[in-house]
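Work the whole structure out from these sequences, hints included.
There are 2 protein chains.
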Amino acid sequence: MVRRVYIDNKPLEEAFALLWTELENAGFFVLEGEEVDVEDALGRITVVPVVAKRSSPHYSASAMDGIAVKAKDTFSASDTSPIVLKRGEQFIEVDTGDYVPGEFDAVIMIEDVNFLSHDEAEIIAPAVPWQHIRSVGEDVIASQMIIPSLYVIGAYEIGAMLTSGVTKVQVVKKPRVGIIPTGTELVEPGGKEPEPGEIIESNSRMLASLCRKWGAEPCRYPLVADDKEKIKEAVLRCASQTDIIVVCSGSSAGREDFTAEIVQEAGRLLVHGLATKPGKPAILGLIEGKPVIGVPGYPVSAALVFELLARPLIYRKQGLRTPPNQEVEAKISRKLASSMGVDEFVQVNLGKVGGELIAYPLGRGAGLTTTLVKADGVVRVPRGVEGFEAGEKVAVSLKRDWDIIEKTLIVIGSHDIAVDWLGDILNRKFGLRLACTNVGSMGGLVALKHRESHFAGMHLLDPKTGEYNVSYVNRYLGGSKPVLVNLVLREQGLLVKKGNPLGVRGVDDLAGSGVRFVNRQRGSGTRVLFDHLLQQVGIDPGLINGYDREEFSHLAVAAAVKNDAADVAVGIYAAARALDLDFIPLLQERYDLCFLKGAIEEETLDALLHTISSPEFREEVMKFGGYDMSLAGQVIWEGD
Amino acid sequence: MVRRVYIDNKPLEEAFALLWTELENAGFFVLEGEEVDVEDALGRITVVPVVAKRSSPHYSASAMDGIAVKAKDTFSASDTSPIVLKRGEQFIEVDTGDYVPGEFDAVIMIEDVNFLSHDEAEIIAPAVPWQHIRSVGEDVIASQMIIPSLYVIGAYEIGAMLTSGVTKVQVVKKPRVGIIPTGTELVEPGGKEPEPGEIIESNSRMLASLCRKWGAEPCRYPLVADDKEKIKEAVLRCASQTDIIVVCSGSSAGREDFTAEIVQEAGRLLVHGLATKPGKPAILGLIEGKPVIGVPGYPVSAALVFELLARPLIYRKQGLRTPPNQEVEAKISRKLASSMGVDEFVQVNLGKVGGELIAYPLGRGAGLTTTLVKADGVVRVPRGVEGFEAGEKVAVSLKRDWDIIEKTLIVIGSHDIAVDWLGDILNRKFGLRLACTNVGSMGGLVALKHRESHFAGMHLLDPKTGEYNVSYVNRYLGGSKPVLVNLVLREQGLLVKKGNPLGVRGVDDLAGSGVRFVNRQRGSGTRVLFDHLLQQVGIDPGLINGYDREEFSHLAVAAAVKNDAADVAVGIYAAARALDLDFIPLLQERYDLCFLKGAIEEETLDALLHTISSPEFREEVMKFGGYDMSLAGQVIWEGD
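Chains as they are written, first to last, in the numbering used here: chain W, 234 to 873; chain U, 234 to 873.
I should point out that these hints are in silico values taken from the structure, not numbers from a laboratory. Wrong hints could be hidden among the right ones.
Note that identical chains are pooled: a pair holds if it fits in a single copy or bridges any two copies.
Calculated lysine to any residue pairs in the SDA-like style (CA-CA distance at most 25 Å, straight line) [stated by the list, open to error]:
| id | residue 1 | residue 2 |
| --- | --- | --- |
| 1 | LYS465 | LEU275 |
| 2 | LYS461 | ASP328 |
| 3 | LYS632 | THR555 |
| 4 | LYS446 | TYR548 |
| 5 | LYS632 | ARG445 |
| 6 | LYS286 | PHE785 |
| 7 | LYS513 | ARG708 |
| 8 | LYS632 | PRO556 |
| 9 | LYS830 | THR254 |
| 10 | LYS401 | VAL627 |
| 11 | LYS640 | PRO282 |
| 12 | LYS714 | ALA744 |
| 13 | LYS303 | LYS730 |
Quick caveat: nothing in here was measured; it's all calculated off a predicted structure.
Shown next as structure tokens:
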């Protein structure tokens, strides 16, 4: 039982420099060109300067609609003694762009010409020689450099090339990136329902799309099982057909991780293991003078490693510098601990609250593709730094257009499906984006108190009064002019598998019964509710199997029940219906939005309230079932 | 002879609002969707929110390489009393991502396991329930909204969709833009040499490329001659096949301009004539509820009108807001007069000199496609403003990436072909871009004096001493630590047609002979030289036919001779050779670069001097002929 467990911990810059030097020596970066039609050259990069083949205009051209004349014929013309010119001999009629033959040397605008007859034109002012005539080559002259090398061809360049007689252009050949997905557990998307342990292959498609974005031509290879010889065969074929070889997963040091060995056998292994997080089990090597990159299987790691290692290679291979990432400074919303030994890259949301840009760290799980979708930027915690304290200023590398971030509303608190749809309508109608963090109702109150969010969703039952939210808001946010507006009324209940196989009827059935429960996190409104219900019926939480097992949303507990990781959970009807579970109703609760007057822009607030009250929103939410919209948009309570 | 000469002068916003309202009423902006494979969806826009079809992971998955155990079996494990677990019953071996069957509820990392035999694993610490197990749906849960509507799909979104079982996605149908090039004078690119009066059709290709950039699908129609019925037929066909109809040229009010009439007959003419410069003769109309845009024939006008009118339409038709142009503030380098009645759009170069961003207006001719290529930004001179004074701060709408502008060297002065190639190498090797303005040697001195350029090319003969540049630089820039570095030595001479049909032998032959001369502008080194030569041989400039006709570069005068707009010019050998003219040598002159010490960054200067002295540069320049590189890179003179 020998398993090689440890891999290197090479700092990113060192790893990269190692590869870079080897590639330069191998002549990898020598530009390869190909000829394409100018009309197809949009976005391509010139290899050599483009030189005009023809002058434009290639003849003396009229710059106006009018008549071409001989200037000397017109010198004595004036208001009081007009001159009459004869068609053919003394003038010809020309439109803009027409050829002005050599015997004429000026053009008079049509507005200044009085045609006495078809053949006679009267003018009352002299023409200056060469007036309104475009010189040969006024725009471009044959032999002139019109586009330098290593220039990205845009629409204007296409126009200029065609104008100057250039119809073919030498452009940089797109680097071909071969991507090999490996792993016995992988199945192709769109096929049959994957079994437990099977994973839908998506990384190679994600990386292929990144290649396209960076100007390369991806070439996806078929899935290869975890069989060393088969993977090696694929790697060698790839090395003979493409410029950059990317092996997806198998880059670690587990039982089925062969990439490092293969690179060592087929070429040279330069680095196995980066001092980055995520992305540690990355591989860098060289086969036939071409770079091989082994990317980890987790999507966030794969994306990061590819961005750090492949992106600069792809740009340089095209003769370009890697475009710098735009950076902004933001206040980090919470403490960010990081290990001293690695460069850690943390995905964040960004939003301006009260004029201050705040970065909200997202989940750091390497398996969360949704984090990549949600993220607005990345914070790098450098090696040798233990992390950042909450409130510290950090540099954020932007991943999203700044104008979208400026129109972002930060929503921290309890989650409800209706909030997602609210966001969708706000975006469509008002160009406002919601960035939601689900930390439960209590977390929402705290974020509002710290002025770190624009509003919060909450459903906090006060057991003493039976009233929702008001007493909590008053306690936490009193003095900050809080306002509660209803979003929905919704059904809470027990979620059980279809057909309720364990015959659960109510909260009483959960204690000591061997029924596997999955709970919501402390601070969530649903946890408050559940604890209240337990107290009402007098059940000791310690008797519930799974009381300490916490998930962070209605859908998460529903998914646990759905996939038999648990038998029962507490959650809303919409979650049960979404995952086709049975639902045992417990009660209807009020889910409100809370904001602080003055801490949210009036225009934004108007858009928000308008949308909540709109028939469109009502209609979308009602589709999910379990909702009552009769109070939606009503101001429930305003504090001082 | 009735010609309709006048068209409207409708302010841009009014014209646009008119069209916008009509289109909204006609339902033009209602989104049309189509289904595409997720793998092909890069850059497409969602029509409706994308909802996960499957949870990911869809099973309890190991987050580590290790062993899956029952936590309760491990509770008593410690350093001093290890526990030995039995394979199969008490543990199974799992790799990252593997399924953890329901009977196990924790994973122990492989590093913490000591295999005593194949069947026995020793552990020395207890496992916490659910440790290192990824919950079902940790990443995404079936039914969850993963991408909102009207969202541009990127690589990560493709990964997230596939992961969550989504393989088809509803995206916005790309707006189809029909582009009809009209004009009897037009010929297709790549055909035979165009005759005088014929123009290579390039606008439709330029506009098609802009459409692609903005997300639309262009559809180019065949050339149509200036025949009203034929154009009308094309417009109607286009209206039945596409979403936006664009008629290229024929938008003015000349003899052959039919677009306005056609729109009026086939639909509704909303606007004929915009209060913009360029772009005045634009047309806006409606046919079958679809917008028709008539764009002027001049490429700069065409590009501007398309940008102003079509771009917002194309974005809105896709459900998107038009991305705002990035704006910067810059000091304008010279007075910019503009007519009060129009919004004028002036293309500018941008560069940072001495820490200050300066905008350099480019030529305002509507026929200059090369201006579009050169421009870094656009300055809008609003209606009601007479223009800007030199040195005034103006807002510039960026057309080029800021990081390129930051690496721009502003070169103002005399032009030489070698400067273009110098720029090309500087860009390739150092990522430095040259933005050259050719205003002649004297203009270069003035720009340096005003600290408006990084360096200048010059070849100013001092007739008294026979020395070049030194006395001029000393007079203008003394006290500013000027430095002269040689770029090239070059042959000046007379340019005549191939075979020298008029038998010109020297400057003496130009006077009173009926030979048509074309001169260089005042302030250019060549003009200084020519005047000196005339004085030497005692010729009165007034006797030279064309002495007052000025062009601004060697290539420009060569082109005039080449295309028979003149018989003789003074210029360099390289220009004669480039345009295949005969050359009558007059003398060799020194062409230097001048810069001010301390006014150019040291690093930049090093790159510059390094390049000038490089064999690569020497080789490129020598290809043109007429150059002597023996002094290239030598410091000629340094002043105080």
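If the cut is 25 Å between Cα atoms, do LYS632 and PRO556 qualify within a copy, between copies, both or neither? both (13 Å within a copy, 16 Å between copies)
When no copy is specified for LYS465 and LEU275, does a C-alpha distance of 25 Å or less occur within a copy, between copies, both, or neither? neither (37 Å within a copy, 30 Å between copies)
Can you tell me if LYS286 and PHE785 fall within 25 Å by alpha carbon in one copy, between copies, both or neither? Result: close only across copies, 20 Å inter versus 66 Å intra.
If the cutoff is 25 Å on CA atoms, where do LYS446 and TYR548 land: within, between, both or neither? Let me know, please. Classified as both; 11 Å inside a copy, 20 Å across copies.
Regarding LYS632 and THR555, is the shortest C-alpha distance of 25 Å or less found within a copy, between copies, in both, or in neither? both (15 Å within a copy, 19 Å between copies)
Up to 25 Å CA-CA - THR254 versus LYS830, copy category: Answer is neither: 58 Å inside a copy and 35 Å across each miss the 25 Å cutoff.
Indicate which option fits the pair LYS513, ARG708 if close means a Cα-Cα distance not exceeding 25 Å: within, between, both or neither. Answer is neither: 46 Å inside a copy and 64 Å across each miss the 25 Å cutoff.
Should LYS401 paired with VAL627 be assigned to within, between, both, or neither, using CA atoms and 25 Å as the limit? Cα proximity of LYS401 and VAL627: none, with 48 Å in one copy and 39 Å across.
When no copy is specified for LYS714 and ALA744, does a C-alpha distance of 25 Å or less occur within a copy, between copies, both, or neither? neither (43 Å within a copy, 90 Å between copies)
How would you classify LYS632 and ARG445 at a CA-CA limit of 25 Å: within, between, both, or neither? Both: 17 Å inside a chain and 23 Å across chains, each within 25 Å.
If the cutoff is 25 Å on CA atoms, where do LYS461 and ASP328 land: within, between, both or neither? Let me know, please. Answer is between; shortest inter-copy Cα gap is 17 Å, intra-copy 74 Å.
How do LYS303 and LYS730 come out at 25 Å by Cα distance, when the copy is not named: within, between, both, or neither? Classified as between: cross-chain Cα gap 24 Å, same-chain 95 Å, threshold 25 Å.
Hint compliance for this structure: hints 1, 7, 9, 10, 12 are not met, and every other hint is.
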